[in-house]
Amino acid sequence: MSFYGHKQGIISEKGQSFFEGQEVSFIYRKEMRTGSIDVLRVNSAVISIKDILNQKEQNEKTVVNYEKLMAVYN
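For the sequence shown, numbering that gives the first Met the number 0 begins at 0 and goes up steadily by one.
Please note: incorrect hints may appear among the correct ones.
[To be verified] Once the Cα atoms are required to be at most 25 Å apart in a straight line, the calculated SDA-like pairs of lysine to any residue come out as:
1) K67 / L39
2) K29 / V71
3) K49 / R28
4) K29 / S47
5) K13 / V41
6) K29 / G8
7) K29 / I9
[As the list claims (entries may be wrong)] Derived DEER-like restraints, expressed as beta-carbon distance ranges:
8) S11 / K60: 17 to 25 Å
9) V71 / E12: 15 to 23 Å
10) E30 / I9: 26 to 34 Å
What the hints contain is simulated information worked out from the structure, not anything from laboratory work.
None of these values were measured; they are calculated from a predicted model.
Backbone N, C-alpha and C fix where the C-beta goes; we use that ideal spot for every residue, glycine too.
Given these sequences and hints, build the entire structure.
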């Protein structure tokens, strides 16, 4: 079903192992970062970055392809 010209995407096979709220790690600006998944997309996820030291950037988000995400297990 489309809504205003946009089709709702089905998460790719690589994204099936991730879920919203999950802690993940990834490389961001040439450094290893951690964050949590806010939104799952077809081929990528919107991530809230948690370990940025600069106070201004604490609410920073980025989009990362599922192939570049690693689940963090506690």
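Going through the hints against the structure:
1. Restraint check for K67 and L39: satisfied, since their Cα atoms lie roughly 14 Å apart, inside the 25 Å limit.
2. For the suggested pair K29 and V71, the alpha carbons sit about 19 Å apart, so the restraint of at most 25 Å is met.
3. With a C-alpha separation of about 14 Å, the suggested pair K49 and R28 falls inside the 25 Å cut-off, and the hint holds.
4. Simply put, K29 and S47 have alpha-carbon atoms about 17 Å apart, close enough for the 25 Å limit, and the pair holds.
5. Distance check on the hinted pair: K13 and V41 sit about 10 Å apart at the alpha-carbon level, within 25 Å; holds.
6. For a cut-off of 25 Å, the pair hint linking K29 to G8 is broken: about 30 Å separates their Cα positions.
7. Annotation: proposed proximity of K29 to I9 is violated, straight-line Cα distance about 30 Å (limit 25 Å).
8. The hinted range of 17 to 25 Å is satisfied by S11 and K60, whose Cβ atoms lie roughly 20 Å apart.
9. Here the CB-CB span from V71 to E12 is close to 21 Å, well matched to the stated 15 to 23 Å.
10. A beta carbon spacing of about 32 Å between E30 and I9 agrees with the range 26 to 34 Å that was offered as a hint.
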